[in-house]
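Protein chains: 2
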Amino acid sequence: MPGHLVVLSGGLDSTVCMALATADSGRPPLALTFDYGQRHRTELDRAAGVAGHYRSEHLVVELDTTAWGGSALTDPSIDVPLGGTEGGIPVTYVPARNSIFLAVSLGVAEARGLDAVWIGVNAIDYSGYPDCRPQFIEAFRGVAATGQKRGVEGNPIAIRTPLIESTKSEIVLLGLAHGAPLQLTWSCYQGGDRPCGACDACVLRARGFAEAGVDDPAMP
Amino acid sequence: MPGHLVVLSGGLDSTVCMALATADSGRPPLALTFDYGQRHRTELDRAAGVAGHYRSEHLVVELDTTAWGGSALTDPSIDVPLGGTEGGIPVTYVPARNSIFLAVSLGVAEARGLDAVWIGVNAIDYSGYPDCRPQFIEAFRGVAATGQKRGVEGNPIAIRTPLIESTKSEIVLLGLAHGAPLQLTWSCYQGGDRPCGACDACVLRARGFAEAGVDDPAMP
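In the order they appear, the protein sequences are chains F and D.
Using the working numbering, the first residue of the first sequence is number -7, and each one after it goes up by one.
Using the working numbering, the first residue of the second sequence is number -7, and each one after it goes up by one.
Take the hints with a grain of salt, since some may be wrong.
Output of the computed footprint for chain F on chain D, the stretches with three or more beta carbons under 8 Å from beta carbons of chain F [to be verified]: (1) 50 to 57; (2) 84 to 91; (3) 136 to 150; (4) 172 to 184.
Simulated restraints, written as ranges between beta carbons of each label pair [stated by the list, open to error]: (5) D:Ala150 - F:Arg19: 38 to 48 Å; (6) D:Leu74 - F:Gly146: 27 to 37 Å; (7) D:Val83 - F:Gly(-5): 30 to 40 Å; (8) F:Gly184 - D:Gly44: 39 to 49 Å; (9) D:Ala15 - F:Pro209: 54 to 64 Å.
Which bits of chain D does chain F cover? Going by a derived footprint, with three or more residues having C-beta under 8 Å, they are [unchecked claim]: (10) 60 to 70; (11) 102 to 111.
If you're looking for bench data, these hints aren't it; they were derived computationally from the structure.
Glycine included, C-beta positions come from ideal geometry on N, C-alpha and C.
Let the hints inform the model, and build the full structure from the sequences given.
Below, the structure written as C-alpha cells:
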C-alpha cells in the first residue's frame, strides 16, 4: 500500500485532503505542518487536532519566514485586510509559500519512501495567490521529475491536488461526505481566539458553507 | 541597480558565485546560507567568512532536515563514502535540497525586491545529484514564473547558474580571475577540522586545483 503525505495547515481544504488521502490509501497519511511564523498560530493547534483525529504521524517543520517577511501573514507591521476579497494578489500573499511547502514535502516524502504529496490548493474560491493555480502545480511536477533521485529514476513522487478546481461549497460537501472533522478546522488569517469573520479566508469559508446549505460546525 | 541573492554554502562554487554576482551588479549581494543540519558544519563558519569578505548581509536560514533524514550528510547513521566518486546518485544526496534552497531563495528575493537568485550548481565535475542539472534548473524557472506574484506579473526573479557547465578547474580559474577568497572556502562533506581528502567533494576539489595548475589556498 503506498504511503502518502498531506500538507496540513489545519484549515478546511487541507483537512478535506486528509480525508481523501486516507480514503485513497486506506491508512493514515503522514501529516506535515509548517510553523512559518504565521500570525494565525491557532491553525497549528488545529492541525495537531486533525492529525490526531486520523491517528497520523504529525511532523511540524519550523521555518522562520518572519526573518524576511513580505506578507501581512508574517509581518506584524502589515495589516490583514478586512474589506472582503480584494482584486489582484492581496497583501496576505506569502512569497513562495507553496513552493517552500512542496519542496520540503517532496524531500520528506522521498526520505520516507512515500509515493504522493497531497496539497489542498484551490484556484476557484481563493484569495488569488498564484501558487494555488494549476500552472504552478504543473511546474512543480517538473521539479519532482527532474530534481529528485526518485524522479530521474522514473518514479517521481506524485503531487495530488484534488480540490484545485472545486468551489468552496463543493469542498464542504466533499468533506462532510468523507467524515472530515470540519469542526476542528481554522481558516481565519487573524490571530484571535475566534474567527474574525471579515478577512478573505473567513468570507470565503462562510460563503462556502452558506452555498452548501449547512452550518459551519467550527463556528461557536 | 538590481539587487541579487547568492545561495552561499561556503564552498568553492558558491564563493565564486559571490564574486561573479558582485562583479555583475557592482554591489554586495545578499548571501543566503542554510543551516539544514549538515554534518559538515564548518561550512557555516566559512560562509560567514565569505559573506564578510564581500561585506554582504548574511542571512542564515535554519531548517532541521535531520527530522526526516535520508542522506549521509544529515543522518549520522549513514557513513559518507570515502572511495572516491561513485557511479549513480550517491548516499550523500539530500532529498530535494536544492528545491528547498531555491524555493526559500525565491521567497526571500521577492520579499526583499531582488531581481536574481544565483546558485553555484555544476553538472560536470559533481557528485551526480539530479538537482544540480540544467533540466532541474529549467523546471524551477517555471516555478518562479508561475508561482510568484513577480512571475505572474511578467517580471520573474531570474535563476542564474553561471557555473553549471564548467569544469572544476575552470571554476577555480574563474574564481582566481575575480579575486574570490578561495582560501576561506570549505568543500569536505565530513565534519572534521581539516578536509578528509577522500570524500567526493575533496576528490573533485583536489582534481580541479591540480588541473588548473594552482595550489589550493585553503589546504594547510
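Going through the hints against the structure:
1. Evaluation of the coverage hint for the stretch 50 to 57 of chain D: fulfilled, as 6 residues show C-beta separations to chain F shorter than 8 Å, against a requirement of three.
2. For the stretch 84 to 91 of chain D, the stated coverage by chain F is satisfied: 7 residues place a CB nearer than 8 Å to a CB of that chain, which reaches the threshold of 3.
3. Counting residues of the stretch 136 to 150 of chain D whose beta carbon lies closer than 8 Å to any beta carbon of chain F gives 7, which reaches the threshold of three, so the coverage claim holds.
4. Closer than 8 Å: that is the beta-carbon criterion, and the stretch 172 to 184 of chain D has 0 residues meeting it against chain F, so the requirement of 3 is violated.
5. For the pair Ala150 of chain D and Arg19 of chain F, the beta carbons lie near 43 Å from each other, so the given range of 38 to 48 Å is met.
6. At roughly 30 Å, the beta-carbon separation of Leu74 of chain D and Gly146 of chain F lies within the given 27 to 37 Å, and the hint holds.
7. Between Val83 of chain D and Gly(-5) of chain F the C-beta distance comes to about 21 Å, which lies outside the given range of 30 to 40 Å.
8. Look at Gly184 of chain F against Gly44 of chain D: about 43 Å separates their beta carbons, and that is inside 39 to 49 Å.
9. For Ala15 of chain D paired with Pro209 of chain F, a C-beta distance near 60 Å keeps the hint of 54 to 64 Å intact.
10. As drawn, the stretch 60 to 70 of chain D meets chain F at 4 residues by the rule of a beta-carbon pair under 8 Å; at three or more, the given contact holds.
11. Residues of the stretch 102 to 111 of chain D with a Cβ under 8 Å from some Cβ of chain F number 3, which satisfies the need for three, so the listed coverage holds.
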